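Numbering (our numbering), first residue to last: 433 to 714.
Keep in mind that a hint or two might mislead.
[What the hints assert, rightly or not] Computed Cβ-Cβ distance ranges for the label pairs, DEER-style:
no., residue 1, residue 2, range
1, GLU658, HIS636, 31 to 41 Å
2, LEU566, HIS672, 19 to 29 Å
3, ALA487, GLU611, 23 to 33 Å
4, TYR526, THR646, 14 to 24 Å
5, GLN491, GLN531, 26 to 36 Å
The set of hints was computed from the structure by calculation and includes no laboratory data. These numbers come from a predicted model, not from an experiment. Think of the CB as a built atom: it goes at the ideal place given N, C-alpha and C, for glycine as much as any other residue.
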Amino acid sequence: MATRDLNFVSFLGLALNAFTSLLIGVKVGISMSYCPSTGVINAVVMKSGSQDGFAWLEQDLEQLASLADNPFLVPILVCQHLTEAFCSFIDDNYDRLHQAEFGSGQTGIAMIGENGMPMSRGNCENPDLSVTVLGVAQHALAVEAYVRGQLITVDLIKNELLAFPWQQALYTDETRIQEQNALLLKQLDFISRTLNIALPRIDHLKQRTTVQTTAIANLLAQRNNETNRRLAESSTSIAHDTRRDSLAMKSIAILTMIFLPATFTARHLNPRKVSTGSLQYP
């Protein structure tokens, strides 16, 4: 809220910008001004994205037509929509993590398929588990930053709503303004409580992904140790076989060196005459 005096007329303006392309693909900017001397409220809504992405805003404004002249309605509607998107995002990540944990067989709980029968469990070495855990961990960090930023925005809107000089307007029904503000303040409190409840859920997601990451790292370390042990055993076995074959070849070479010359000498220096004759049978 900014205030300045110009020609004895006080102009007050409210500005809110929301950037949420990462989660819901919607960019909304609201600029509002109020002139106490005339009671005129000017509002400009700038939006970027698909036209269907703003159907919720048009529907909410139609349903809340009795509050449409309140300059704080549109910022509160944007905050409410973003809060719903954050909570839905958290629920989706819970579902992803549950499916990965159950599907890997860690919990001992079998998932029920569409036919009502238990689905076959996988194993902890399923690569989808590590991909899911990493994705959930990254999303948890992102949504936590958005939720904390949203809490600051809600507090700012609430403070500006309470400090807004409604009594300076010439054409303002005080009773009606009080009723509108009471409803909007309740909605802001509801949004704030919802965001505060979302933070412990995000912390729980972060803790579970940390545990899963540690378990996956330990499992990979065990598998690497097992592989290295088998390689060491294979190398030892090959070394033993090579040594045995080497000793056998040496033995054969020694025997050849000893007996081959003796055989040659006996063959050529002491020839034996072999006489042949006819064999007679009785």
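We went through each hint and held it up to the structure:
1. Taken as a hint, the range 31 to 41 Å holds for the pair GLU658 and HIS636, whose Cβ atoms sit roughly 33 Å apart.
2. At about 43 Å, the CB distance of LEU566 to HIS672 disagrees with the hint of 19 to 29 Å.
3. For ALA487 and GLU611, the Cβ-Cβ distance of about 28 Å falls inside the hinted range of 23 to 33 Å, so the restraint holds.
4. Against the hinted window of 14 to 24 Å, the Cβ-Cβ separation of TYR526 and THR646 comes to about 20 Å, which satisfies the hint.
5. For the pair GLN491 and GLN531, the supplied restraint of 26 to 36 Å holds, since their beta-carbon distance comes to about 33 Å.
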